Amino acid sequence: MEVLQLVVYGIVTGSIVALGAIGVSLVFSILRFAHFAHGDVMTVGAYGALVGVTLIGVTPMVAIPVAILFAVVAVLVAEFCLYRPLRSSHPVILLISSFGYALILRSAIQLVAGPAPQVFKSGIQIPYRFGEIVIRPDHFWIVGGTILIIVALHLFLSRSKFGKAMRAMSDNMDLARISGIPAYRMILITWVIAAALAAVAGVFLGMDTRLHPVMGWRLLLPVFAAAILGGIGRPYGAIAGGFIIGISMELSTMVIDPGYKHAVAFALLVLMLIIRPTGLFRGTSL
Amino acid sequence: MELSGLFGYLVFFLSTVSIYAILALGLNVQWGLTGQINIGIAGFFAVGAYTTAILTAGPNAAHVGGFEFPFVVGAAAAIVTSGLIAVLIGMITVNLRSDYLAIATIGIAEIIRFVFQNEQWLSHGVRGISDIPRPFHDGQGSGYVFLALVLACVAVVYFLVERARLAPWGRVLRAIRDNEDATEAAGKNVRLFRLQAFVFGSAIMGFAGALYAHFIGFISPDAFEPVFATFIVWAMLIAGGSGNNKGAILGAIVVWLVWSGTETLAARLPPEYATQASAARVLLVGVLLELVLLLRPQGMLPEERPRPIARRKD
Amino acid sequence: MALLDATDVTGGYGGADILCGLNLTLSRDEVVVIVGPNGAGKSTFMKAVFGLVNVRAGSIVYDGRDITNNKPEDIVARGICYVPQERNVFPSMSVQENLEMGAFIRKDDWRPQMEKIYELFPRLAERKKQPVGQMSGGERQMVAMGRALMLEPKLLLLDEPTAGLSPKFIDETFRQVKRVNALGVGILMVEQNAKQALAIADRGYVFSSGQNRFEDTGRGMLANKEIAEMFLGG
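Chains as they are written, first to last, in my numbering: chain X, 187 to 472; chain A, 562 to 875; chain W, 1102 to 1335.
Everything labelled a hint here was simulated from the structure, so no lab data went into it.
What you are looking at is a predicted structure, and each value in this text was computed from that prediction instead of being measured.
Where a beta carbon is used, it is the ideal one built from N, C-alpha and C, also for glycine.
Don't take each hint at face value.
So the derived label-pair ranges between C-beta atoms look like this [said to hold, decoys possible]:
1) X/Thr395 x A/Leu855: 27 to 37 Å
2) A/Leu855 x W/Arg1188: 26 to 36 Å
3) W/Tyr1114 x A/Asp739: 36 to 46 Å
Capping the alpha-carbon separation at 20 Å, the derived lysine-lysine pairs in PhoX-like fashion look like this [to be verified]:
4) W/Lys1269 x W/Lys1255
5) W/Lys1255 x W/Lys1279
6) W/Lys1229 x W/Lys1217
7) W/Lys1296 x W/Lys1326
8) X/Lys347 x W/Lys1208
9) W/Lys1326 x X/Lys347
10) W/Lys1279 x W/Lys1217
11) W/Lys1172 x W/Lys1255
12) W/Lys1229 x X/Lys347
Chain X on its own, in the form it takes in the complex:
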């Protein structure tokens, strides 16, 4: 029974990791660099929701639009001030710049909100019991919300004109340009979607555990591992990768110290890099 309980936790963690990994994957496929500030964009989202929760007094789920607003602003500031001016440089300069921006976001949050951990809502939730499995109401919200978002993303990518254009750019940037797809507008759309997903992931992470300034940075490794596992540039792969990473991380606590959860994500990443660097779903060849 313990296994099933851990699988439940794994699905919750996996939902959060997947939402982050989709964004990393999309950004990589359109902008061609690993966005190291993505974890901290999640943190911005979580604290954005906290603003909504404390100021307006709504639940974190209702405060998600506020979270998205914060995260989108954070990302667009970086796009206009850093990433766009640096775009003609080598892509690794963008990576380093995003690493610097990660630090900027994190210290800004610490400056405003303080370094102490916070929670959206104190008090104990009454969990649901299914046999021996215990599920908190928050976990339903997290998994349900993630499923909803994945469906919406799927419809966007497979049905809408701009979603298809995004896939086209990821497939073949030059041909997309030649076909008249407006590259810059697509870049902005990519940022907004990636930031929105990161914001939701951050809110979910805050609901699952608690908020602190390094919460997103700590999750960056599993998020990248999921994106690589799924094949970078493949949003559907990132979803699968997220759940694989999340479930493996939680199941590993049966045999090893929970402190090493991240080592499990890392081990999976390393394993993938050795046997199949393009990921399970054959991502962008590097």
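Got chain X; can you put chains A and W on it based on the hints?
Chains A and W only, in chain X's frame:
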């Protein structure tokens, strides 16, 4: 009295800068020369520090150690262990784009920190390892002896790295960085060269870690937070000039001046703002790093040849 | 009036000039083929027409308008479409989606045009939902051409459409080019299979070292012994 206090501070300042200069030189071998991104400097730094701490510190029943080996043995072991870890990571990522190396190094640094935090028997967990002796002369005036030692170490590392840069080996590394395919076509084993550079740089970082452990005399996982051990080193190298070893040293001096200068300012604030002040200082260094990337990507001392990854004309 | 009129086109990728004063005209509904040795600047010239190469001197006039150094997205909007030699499809997307991407900038209803393209390439009609990455080289070439035709261009630029195809598909590709031309689309084509290409061409040009060497009707060029020996492989 005041003068001797100032003098003592200067000794402290120069010793710290020297250790950072060695880190920046190590990073310059990886990034400046070869174009590899190491976001896990803190990991190699920590491995070096803990290796020498375990080998040279006095006995403590709570964790392994008590060997009381001399400094030279500890430092040599630090170089070897950090180098070995670099071999492992390098072998996995050496064929892949540098983004993967960046991600892998983040992972390894986090795991190393977890190990030192959790494994009581090895590292005494969060309580850390204390009583790490100052080399050669431990006691009154040891600060001066240590400063002399660490300055000599900077000189030796600078000499080695500069020789490596100018040697055919360094030319191959730059060729790989600038045009990997052409270098491969010229019959060079690109992977092997890359691996060598990564291991060389990481071993230097491990050596810096050893010096740090002997300098402070006490280490705990807190000292290896990525902000202090990784991010600041990047800021130093980028500001000083990637690819230029003199620039790496100059960057260490300048960034550390800014960092400790703001510390002095922050100390004047009321204590309730202490945490905010430290966050503001990180923010400031972050903004500085971005400004350098945007306005002067070649750094204060540009590499002595056209940089291929500098900005192209728009 | 010529649909495309290029005069003294000079330029390259920033270093030495690759195009050294090239001239070419193409009338409405014409098939024009450029042949010549490797490095003659054939593909570069085509890219220059499409705004992908900087033109330092000379002019390119299309449909009475100077389009020299215009951006590719503006040139597409004017009705010129370009099919590169390589990487000319979206491999993870289906046939239908590839065609839709070709119509990205259209505001009107493009579905009738898509039906026309399926009529033109019945093989594609059978595989609408198949990812293009799983298709053969010849089929991909159809998708590439189909994508370009979605905008109902007046001029289609084809860069070596038969490169790497098996002989069976080479013949088929040329037949399709002719059929596309019959719809009223001018075609400018660079080809290695010079003889077959000239057989369907109205006129041909020989480029060499970035300069015009020769021009004639397709038939005339095939009949010219000297040209055949030097440029058409005997």
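Exercise. Would the pair W/Lys1172 and W/Lys1255 pass a check requiring their Cα atoms to be no farther apart than 20 Å?
Worked result: holds (18 Å)
For this session: Given the range 27 to 37 Å, decide if the beta-carbon distance of X/Thr395 to A/Leu855 lies inside it.
Result: Distance hint for X/Thr395, A/Leu855 holds at roughly 36 Å.
Exercise. Does the structure keep W/Lys1279 and W/Lys1217 at a Cα separation of 20 Å or less?
Worked result: holds (15 Å)
Problem set entry | Range agreement (Cβ of A/Asp739 with Cβ of W/Tyr1114, hint 36 to 46 Å) | Hint violated: Cβ distance 18 Å, outside 36 to 46 Å.
Problem set entry | Given pair status - W/Lys1326, W/Lys1296, alpha carbons within 20 Å | With Cα atoms ~12 Å apart, W/Lys1296 and W/Lys1326 stay inside 20 Å; holds.
Problem set entry | Straight-line alpha-carbon gap W/Lys1229 to W/Lys1217, limit 20 Å | Since the Cα atoms of W/Lys1229 and W/Lys1217 sit roughly 14 Å apart, the hinted pair holds (cutoff 20 Å).
Problem set entry | Given hint W/Lys1208 paired with X/Lys347 - CA-CA distance at most 20 Å | The hint holds at about 12 Å.
For this session: With a cut-off of 20 Å on the C-alpha distance, tell me whether W/Lys1326 and X/Lys347 pass.
Result: Judged against 20 Å, a Cα distance of about 53 Å means the pair is violated.
For this session: Compare the distance between the alpha carbons of W/Lys1255 and W/Lys1279 with 20 Å, and conclude whether the hinted pair is satisfied.
Result: Satisfied, since the Cα-Cα distance of roughly 14 Å is no more than 20 Å.
Exercise. Is it true that the C-beta distance of A/Leu855 to W/Arg1188 lies inside 26 to 36 Å, as the hint says?
Worked result: holds (32 Å)
Exercise. Keeping to a limit of 20 Å between CA atoms, is the pair of W/Lys1269 and W/Lys1255 held or broken?
Worked result: Given that 20 Å is the threshold and the Cα spacing comes to 28 Å, the pair is violated.
For this session: Given the hint that W/Lys1229 pairs with X/Lys347, test it: the Cα-Cα distance must not exceed 20 Å.
Result: holds (17 Å)
This entry does not satisfy hints 3, 4 and 9, going by the numbered hints stated previously.
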